[in-house]
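Same order as they appear, the protein sequences are chains F and G. According to numbering that gives the first Met the number 0, the first sequence is numbered sequentially starting from 0. According to numbering that gives the first Met the number 0, the second sequence is numbered sequentially starting from 0.
Accuracy of the hints is not assured; some may be wrong.
[Stated by the list, open to error] Per the computed footprint, the stretches of chain G lying under chain F, defined by three or more beta-carbons under 8 Å from a beta-carbon of chain F, are:
#	segment
1	0 to 13
2	92 to 104
[Claimed, not checked] With a straight-line cut-off of 35 Å between C-alpha atoms, the simulated DSBU-like cross-links for lysine-lysine are:
#	chain 1	residue 1	chain 2	residue 2
3	F	107	F	69
4	F	69	G	39
5	G	88	F	207
6	G	140	G	88
[Stated by the list, open to error] Far from chain F, some chain G residues (derived; all Cβ distances over 10 Å):
#	residue
7	53
8	57
9	74
10	156
11	230
For the record, the hints were derived by calculation from the structure and aren't laboratory data. Keep in mind it's a predicted model, so treat the numbers as computed, not measured. Glycine included, every Cβ here is placed at the ideal spot set by N, Cα and C.
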Amino acid sequence: MHVGVIDLGINNLTSVHRAFKESLEATDSLGIIDSNSTIKQPDLIILPGLGKFATGMAALSERKLVKILKSWTKDGSKIVGICLGMQLLGTISEESVGVEGLDLMPSKIVRLPDDQNERIPHIGWAETNQAYDSEYFPALATEGDFYFVHSYHLIPENDKDILTNTPFGDLNFVSSVLSKNILGVQFHPEKSGIKGKKLISEIVKWSKNED
Amino acid sequence: MKIRVIPTILSDGLTVVKGENFKNWRTVGSTEATARLYGKRNVDELLFLDVNARSRNSIVDKELLTHFSNVLDIPFSVGGGINTLEDAKVCFRFGAEKVVLGTAAIVNPHLITEIADVFGNQAVVVSVDFENDISNRIRIKSGTVDPEIDGLHFIESLVGLGAGEILLQSVQRDGTLSGMNFKRIELVSSITTLPVIASGGAASPDDFYQAVLSGASAVAAGAIFQFTQTTPQEVQVYLSKRGIQTRK
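Whenever a hint applies, use it, and build me the whole structure from the sequences.
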């Protein structure tokens, strides 16, 4: 299996690269994608991100990756968006009005509610509660928290795409989504200790499934 | 929101150091080994500050950052000598979740906005180092210079500038294990909507608890974890026994 990590120039590439490398087998390969030239189609695409929605999309456009990501995923490649990367999978964002996302996961991205007596940005550890029993990602259901650092969150058009919710004040926000080959996590599995490591190995396993 | 307990690692660029009142630095260990140890113990987050970077006219050593991201699967923030967007970019690329701006945030507040515009507000921590318990005067350049601005006014401007978090420090209490200034934590937490990391003087688990009751979202501490038997885990247990939510 071939895994491609997208390098937007604004992400925490080293950590994400390390985390996925640890979970791969000797026969798997891991490459960095920073342009659309001479790269083979990955079975699993990792879209890490840190930063503003507009900056992330601009970085994808500059590298001529928007079209190719759409065609690879249409063609069956699996993709996982992490943090801003999850939001880039969406359609539009309140953070950058007028900027189009990848639209691989029909959704809008909105700011966390400021009436919950919680401080924004949301920085720290929080639980994920499964919206349904996922056969692929048992780590999401086990005891323990993941690390979050964000001010915006994604709301999918289709409720069925919600994989987990996370409490914020009296409300919940969508902390991960899954629709066929498109996976997004708002938290940072690469920075979530042992539990994060477990989820990453499950993501790798998921990407090796044939369906 | 769950409260974070954050060990602070101060470095002179090569080794871990311990100081008092932002000076009298002495070597206490290896930076990488310290980071590795905290990583293994699964702490909530690490704060890594290079106290010497500004005088070397550089940021944290890239090799050291590489070691960090290789051994750490937990979040860490990096500060010391960050003067430009490019400096920040390097820190993020090598795995930092957040950068900490001190001197540069005060000398050139626009840098906060510049970094936040690219990496988002959540990625920019601004360190505000109050001189003592009495006045609202603050210090820059590792406590050596008085920029002659009111610390509270500066804090009030931070949301607008694009900061995502405040590291509230005290030069007077730094490294002294003399307890924390809860009144100031309460005051600062009340005038900002940003999360506040309280730091400076924590000497017992109860100091962390009081800091949280005063409004802190996180407490950072160095000396207590280096020079007493107290561990970050014990502090977490102490907090959660008293009804404060911590990482599970």
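Tested hints:
no. : hint         : verdict
1   : 0 to 13      : holds (count 4)
2   : 92 to 104    : holds (count 6)
3   : 107/F / 69/F : holds (18 Å)
4   : 69/F / 39/G  : violated (39 Å)
5   : 88/G / 207/F : holds (33 Å)
6   : 140/G / 88/G : holds (22 Å)
7   : 53           : holds (24 Å)
8   : 57           : holds (19 Å)
9   : 74           : violated (5 Å)
10  : 156          : holds (17 Å)
11  : 230          : holds (16 Å)
Hint violations for this structure: numbers 4, 9, all remaining hints satisfied.
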